[in-house]
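Peer 1: Each chain, letter by letter, is given below.
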Amino acid sequence: MLHYDVAVIGGGPSGMAAALAASKEGASVLLLETEPRLGGILNQCIHNGFGLHIFKEELTGPEYAHRFIRQIQDSPVEVLLNTLVLDVSPGRQVLAVSKERGLLEIQAGAVVFSTGCRERPRGAIGIPGTRPAGVITAGAAQKYVNIDGYLPGRECVILGSGDIGLIMARRMTLEGAKVKAVVELMPYSSGLARNIKQCLDDFGIPLLLSHTVVEIHGKNRVDAVTIAKVDDNLSPIPGTEEIIPCDTLLLSVGLIPTVELATKAGAELAGSQVRVDQHFSTSHPGLFICGNTLHVHDLVDYVTEESTVAGQFAAAYAKGARPADGREIPIQPGEGITYTVPQRLTGESFRENITLRFRTRRVYKQARLVLSSGGKTIASFKRPVMAPGEMQTLVLKPELLNSLGESLSLHVEE
Amino acid sequence: MVDVAIIGLGITGAACARELSRYHLRVLGLEAQNDFAAGATRANSGIVHAGYDAKPGTNKAKYNVRGNALYPLWARELEFPFIQNGSLIVCHDDGDLPGLQALYDRGVQNGVPDMELLDENALHSLEPNLSPACRGALYAKTGGITCPYEFCIACGENARENGAEFIFNAPVTQIRREDGGFAITAGEKIYHARTILNAAGLYSDAIHNLLSRVPYRIQPRRGEYQLMDNAAGAFFTRTIFTLPTPMGKGVLISPTVDGNLYLGPTSLDSTDKEDTSTTAEGRAFILKKAAESWDNFPKNRFITGFTGLRAHLIEGGDDFIVGSAPDVPGLFDAVGIESPGLTSAPAIAEDLSRQIAAYCGAKKKDNFQPHRPAIRSFRTMTNEQRRQAIAENPLYGHIICRCEQVSEAEVLEAIRRGARTVDGVKRRTRAGMGKCQGGFCGPVILEILARELGCDPTEILKDAPGSNILVGPIR
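First to last, the sequence lines map onto chains A and B.
For the first sequence, position 198 matches number 1396 in the numbering used here, and the numbering has no gaps at all.
For the second sequence, position 322 matches number 1812 in the numbering used here, and the numbering has no gaps at all.
It should be emphasised that the hints constitute simulated quantities derived from the structure, not laboratory data.
Some hints here could point you the wrong way.
To be verified - Quick list of in silico lysine-lysine cross-link-like pairs, BS3-like style, CA-CA up to 27 Å:
1) B:K1779 / B:K1789
2) A:K1417 / B:K1763
3) B:K1763 / B:K1779
4) A:K1427 / A:K1376
5) A:K1563 / A:K1517
6) A:K1427 / A:K1378
7) A:K1222 / A:K1517
8) A:K1427 / B:K1679
9) B:K1789 / A:K1427
10) A:K1222 / A:K1595
11) A:K1417 / A:K1427
12) A:K1462 / B:K1789
13) A:K1574 / A:K1595
14) A:K1580 / A:K1254
15) B:K1679 / A:K1417
Unchecked claim - Not the full set, but computed from the structure, chain A residues with beta-carbon under 8 Å of chain B:
16) N1280
17) Q1291
18) R1316
19) P1326
20) P1330
Everything numeric in this text was worked out from a predicted model, so none of it was measured.
Backbone N, C-alpha and C fix where the C-beta goes; we use that ideal spot for every residue, glycine too.
Build out the structure end to end from the sequences listed, making use of the hints.
Peer 2: What follows is the structure in structure tokens.
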């Protein structure tokens, strides 16, 4: 049995930031990564646009990752690569496996879950039709192209306008494939505005909003897909079908946080997300969670910010600090808000700013974000545009936090 | 010249190959596709039926009950998964309670042991997730679940160990009678055989009709399924049926041997023996029917959908055709093997192999090896077993598929045993069957296949020829 103050599971941007922060606090830290190198999915994101907030420059994914890999190398953080965590017990015992070391048991003072997310597969949204080769998730396609050096298709349709779908539309085009359309179920894109401009508009790739793929054709390899318009209930409208010949359907239909390890260890969910307070502590003492395992981000910079906080408080917990018994203030997502992170605040008094991140249910223009407590509005903020594809942020100041009643809710007013 | 040419290596053909390899017989299996279990065996309910459903006196009843009784031994010898989880046939209307009694009586007539009629309370205490609309049930305790393709592959491996040979990508296009047997054109070659065992599933009519003047006709009957993730199996312990209709056994809710849960199948006659596409209507129907027994089931647990085709006989009877074709000496048929064909496979194999051995005058070998070791799976090992497995082979410590915890050692063993495609590895190891459906491990499996088979990654297939995953190198 190995002993560490903090075990960090997952060596992507989130895990690296948490490990570094915990280490800076003086904790002994073990960082466990499944892949042969640190960096996570950033390693296959060879496009730029990373680091604008944190480094004030545009980096590629591997460059962004490398800045942290170097810091890890220069820090006392111990790293185990090619190591998969199989289980975490409520008592913070971590069971991991690697071919070099076999089964490993680690007793940690605190555990940080930073295992990222997975892509929603075809079956989860039930696209009808045949089951040929050529239907793959955008992230898998990205790995084939950027890491392995192979093209998964020559004529593509992309379902879903999330950021990976948009990025892959451009990437496939640059590699000589023809992207015939990006098809989006919703009346708006779920990707960043800058990606729509730079990845679709600049290459003349049509974005078909309020459309979906209703059938996949082809016996062994995709030979076409049928798309159709959808109505306000997102149901396909009969008579609007159009067949698009293609050999590939790339899916960018959502990312799902991999919460299974954390929930099995005792962390409670709020909806489909793990519930955390402002320290990124889960409902189970000593278990912390951050990055895309907590909620899916559009910018890695925010992942780094949040995970740094998670790492700091994980180190504090491991060193014996316990949150003062105090109030627990749940944060309710009200009208127009999908979720908030954190979902609750803990503590008696607040001395520092707390960043609230959230997404809206739809596109809002010239709307107000309203914070209320005990039925009374306590603050409101004007926002020119909010879209589900762009994560929103509110910084709550101690004065406001210390004036809260039993609860806090956030909603949108038009 | 071989003694027996088995046409079709689904569960019927593979189980027959295994039983025939008990005898001093040269056994050759010919399969049109590139792997075992390529047809109905790949996509069905995986149920080992108790046997209450089939009409008494029929082949379906006989082989079902005998097959069910053989499963525990076969599962032990061949190390494929089999759980006697029990079947519940529920009804949603007090008016249907007599129907349950009739099914019970039929079960008794067929010789089905361990059945019980349950009232509402007993039923709900067994399966608390059933909706209040479920009024009562027939509980058949000998009903079970298995993994059809793993069973089929296990039979094939065991038969091969005992001397049977298999040729894939060899669709039979012509059969000519010749002195002492048959000349079979399959793929590019002609094979000579004393006898033919026709286990060609959906195409068993066509194979039979090449030789016989008493024609059969098979109509594909579609069955669509929706599969939930590998933790959803915990919602139910037993397989939930509704009262059977002339079209089949209705939409089931069943855990799988691997901890998943599925809803399905539909039952719809088709004309296309190759069309295994799924449909929006099929999915909607399944969800609606399942909701009758399980209200408020989780909608976010589905990971895939698939369609299987039942080999339903529409000309030549309404039962399994098993045995020697009356007008073609040496041709042994297994035609119209739809449900309960998977359950019946061991019994059909037992019976047909005896008949063929008698026809050929072959005796049993005394060195038949009944045991086929399964690929040892990291996922199902205890931690102590894992330590030992990694000590013996460090690649057991390299997990390729995170969702199903499949190690590189298992993937390599699957390839050693004959997996040649990504789906072939999947069916032998479960790599890619989890929540992410191969999103993470797919590219890695492809890379390992290319490395082990010594070919270019662009040559690696998902499944059938033509299902290449990559189209070429990047610019």
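Peer 1: Give a verdict on every hint.
Peer 2: Do the hints match the structure? See the list:
1. About 14 Å separates the Cα atoms of K1779 of chain B and K1789 of chain B, which keeps this hinted pair within 27 Å; it holds.
2. Straight-line distance between C-alpha atoms of K1417 of chain A and K1763 of chain B comes to about 12 Å, which keeps the hinted pair within the 27 Å bound.
3. Annotation: proposed proximity of K1763 of chain B to K1779 of chain B holds, straight-line Cα distance about 26 Å (limit 27 Å).
4. Our distance criterion of 27 Å between C-alpha atoms is met by K1427 of chain A and K1376 of chain A, whose separation comes to about 22 Å.
5. Between K1563 of chain A and K1517 of chain A, the direct Cα distance comes to roughly 47 Å. Violation of the 27 Å bound is thereby established for this hinted pair.
6. The straight-line distance between the Cα atoms of K1427 of chain A and K1378 of chain A is roughly 16 Å, inside the 27 Å bound, and the hint therefore holds.
7. Using a Cα cut-off of 27 Å, the hinted pair K1222 of chain A and K1517 of chain A holds, with the two alpha carbons roughly 13 Å apart.
8. For the proposed pair K1427 of chain A and K1679 of chain B, the alpha carbon gap of about 51 Å is over 27 Å, so the pair is violated.
9. Distance hint between K1789 of chain B and K1427 of chain A is fulfilled; the C-alpha atoms sit about 23 Å from each other, no more than 27 Å.
10. Among the hinted pairs, K1222 of chain A with K1595 of chain A is consistent with the structure: their alpha-carbon atoms are about 26 Å apart, no more than 27 Å.
11. Taking the CA atoms of K1417 of chain A and K1427 of chain A, the gap is about 25 Å. The hint holds against a cut of 27 Å.
12. The hinted pair formed by K1462 of chain A and K1789 of chain B meets the criterion: a straight-line CA distance of about 21 Å does not exceed 27 Å.
13. Distance restraint check for K1574 of chain A and K1595 of chain A: the Cα-Cα separation of roughly 18 Å lies within the 27 Å cut-off, and the hinted pair is therefore satisfied.
14. Only pairs whose Cα atoms come within 27 Å are accepted, and K1580 of chain A paired with K1254 of chain A is accepted, the gap being roughly 26 Å.
15. Proximity of K1679 of chain B to K1417 of chain A is assessed by CA-CA distance (about 26 Å); at most 27 Å being required, the pair is judged to hold.
16. Interface restraint check: N1280 of chain A against chain B, minimum CB-CB distance 7 Å, threshold 8 Å, status holds.
17. Hint status for Q1291 of chain A: violated, given a least beta-carbon distance of 12 Å to chain B, over 8 Å.
18. For R1316 of chain A, the suggested interface contact is upheld, since its CB lies about 4 Å from the closest CB of chain B, less than 8 Å.
19. For P1326 of chain A, the interface hint holds, the least distance from its beta-carbon to any beta-carbon of chain B being 5 Å, beneath 8 Å.
20. The criterion of a C-beta within 8 Å of any C-beta in chain B is met by P1330 of chain A, whose closest approach is roughly 6 Å, and the hint holds.
The earlier numbered hints that this structure contradicts are 5, 8 and 17.
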